[in-house]
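We have chain A; now place chain D onto it with these hints.
Protein sequence lines correspond, in order, to chains A and D. In the numbering used here, each number is its position in the first sequence, counted from 1, plus 654. In the numbering used here, each number is its position in the second sequence, counted from 1, plus 594.
Each hint should be verified, as a subset may be incorrect.
[Claimed, not checked] What the simulated footprint calls covered on chain A by chain D, stretch by stretch (three residues with Cβ under 8 Å from a Cβ of chain D suffice, anywhere in the stretch; the number is not a length):
#1 907-914
#2 917-924
[Said to hold, decoys possible] Anything over 10 Å on all C-beta distances counts as not near chain A; from chain D, calculated:
#3 R610
#4 S660
#5 L664
#6 V709
[Stated by the list, open to error] Quick list of the computed label-pair ranges, beta carbon to beta carbon:
#7 Q801(A) - Y763(D): 31 to 39 Å
#8 L804(A) - D640(D): 43 to 51 Å
#9 D677(D) - Q857(A): 52 to 60 Å
#10 L1021(A) - Y763(D): 39 to 47 Å
#11 S725(D) - I890(A): 44 to 52 Å
#12 S618(D) - I890(A): 25 to 33 Å
#13 D677(D) - W1011(A): 55 to 63 Å
#14 N611(D) - S927(A): 51 to 59 Å
#15 I894(A) - F722(D): 41 to 49 Å
#16 Q801(A) - R676(D): 36 to 44 Å
#17 G891(A) - Y763(D): 35 to 43 Å
#18 S725(D) - W898(A): 18 to 26 Å
Since the hints were made in silico from the structure, they are not lab data. Keep in mind the model is a prediction, meaning the values are calculated, not measured. Note that CB positions come from ideal geometry on N, CA and C, so glycine has one too.
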Amino acid sequence: MSRAQKTQEDVIAPVATAAKPGVQVDERLRKTSIVTEAMRRPELGAIAGLIVVLIFFLFTASPTMFTLSGLMTILAPASQLGILAIAAALLMIGGEFDLSIGSMIAFAGLAFAAALVNAHWPLPVAIVATMVFAAIVGAVNGQLVIQTRLPSFIVTLAFLFILRGLTLVGLKLATGGSTQLRGVDDVVQGDLVKSLFSGAAFQGFFSWLASNNLIDKFDNGLPKVSGVPVSILWFIGFAIVATWILLRTRVGNWIYASGGDPNAARNSGVPVSRVKTALFMLTACAAALVAILTVLDAGSTDARRGVQKEFEAIIAAVIGGCLLTGGYGSAIGAFIGAIIFGVVSIGLTYTSFDSDWFQVFLGAMLLMAVLFNNYIRRKVTGER
Amino acid sequence: MSDASAKGPAPLIEVRNIVKHFGSVIALSGVSLSVGGGEVHCLLGDNGAGKSTLIKTLAGVHRPTSGDYLVEGKPVSFANPRDALDAGIATVYQDLAMIPLMSVTRNFFMGREPVVGTTPFRRIDFNFANSVTREEMHRIGIDVRDPHQAVGTLSGGERQCVAIARAVYFGAKVLILDEPTSALGVAQTSMVLKYIHLVRQKGLGVIFITHNVRHAYAAGDRFTVLNRGKTLGTYVKAEIPMDDLQNLMAGGKELQQISTELGGTV
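For reference, chain A alone in the conformation it holds in the complex (with noise of 0.2 Å):
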């Protein structure tokens, strides 16, 4: 066996080195690290795209865009699909995914404005109550996925309809009627609590540049931001506390291994199931959170909350470099795929540009990504 072995390496070696001397294994050891580093980050080719969309507007559109304001305008849509972007990441790393949350968003608005306006609870048990009623909703989701070992498109799909039809349900139940519930306002009016979930943070110090000059402000003083609205925090809190997770704890790497082989991650003592019921509860209380922080704004709810959500989520998701099959991508992708989504959807407005063609970019931009994505996991994993 050895030497036919020999015979098989002095045959194949001097071909190999004669072909393309810089792939031999010894010589690869320093050259690989700058640029197999970088490849290596999912969320190389999102911040790729958040460049060349960045340079598009800043061509294009009015440089109002790029203002305080401007950025503000941008953020505050992007922050409310980064939200469930992330969520939605961790759970396409997981190996699954949710079509449900736009409804739940629906859905749990619904619960939680009930709970206030209907039931009279107080706005933290409301907030405590729709969260746990989402997880619930969520482990559900999970555990039909995992028990009857369908795929998670289509038992999701079927809980898209079933949460939007009970949403609609569920209004008229509880407005006699009407798809709209309304007077969350008034219920909440100046609960310390709410300002968690709504308005805008950090006032007084926006309020302080202004009489400073640093910012740009009314002619009567006042800032003409007047804080940075609250969801933006959730936003990057929480695109902070997964980024966390996912590279640098246990349940990061279990997250990676069962959405990278199920059957080699169970083997190894990873407990798939668990891991994937509880991301399914996580998706459905970002959507949830994503409803509170809707409602409180608007003060009210509607059967339409949340259409189309859940696309625009995992178009963000893989936009950010997450893989449809599961096992790679990052939540900062995500996190920067929202932002992208902002920008051009708001950008747009600020451009003499039809602001339709925001589908038509949107398509071509998934398209980018799914093909950018796929020759970098055969790059990663040296498949040919």
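The following block gives chain D in isolation, referenced to the frame of chain A:
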């Protein structure tokens, strides 16, 4: 034909008359096997002989319908693979061992990550994990250029070796290797076989499943041949020449017939 549990202390693991039914299918009908420390026991058999069912039973995936399973002389009953792992029985599956998209370190410590810090900030100790990975890889002669590199960039043989090294590092007493060489080229096969030899010298017991008699004969001390859910016999290497083993495994007569038809090339 010598019986398995012949000499010395109790074997590391031993099964007696294991029977496993799946509904109306009788996958195993009375299989006996044992492996001691420092021994490579090859499990041979053609497709459908029951090799997979047997190793999955040993690994705790299946519970036997009847029969005894002893670990170091004591009867055990594993509820799941984790139990078997805790008892020191590690199984390395042919294609289910490693996750190609994850780094070597993350794979090496998958499910058993070392942690530092207190609860809210508890995190994987990557300094420790990386240095252990690099060291263990070095020991088996794989130059991991960087423990962050994805396992997908390693060759098939290297992946098998990493999987075996992982099992050894985490204190396995018995290694069950499920066709570790069946998808490998010549050079990589010899790499894996060499490493199996190394593991044996450390005093571990190895159950080496294969349908390649050459590989079995190169690495094994004893051979058990399975056919249609039954043990055809267990042989010590000195007792049986390779050709006989080959014939036994493939059902003797038929193979000889084919062999003559093909001009003695099989």
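Which of the numbered hints are not met once you compare them with the structure shown?
-> 6, 8, 11, 12, 14, 15, 16
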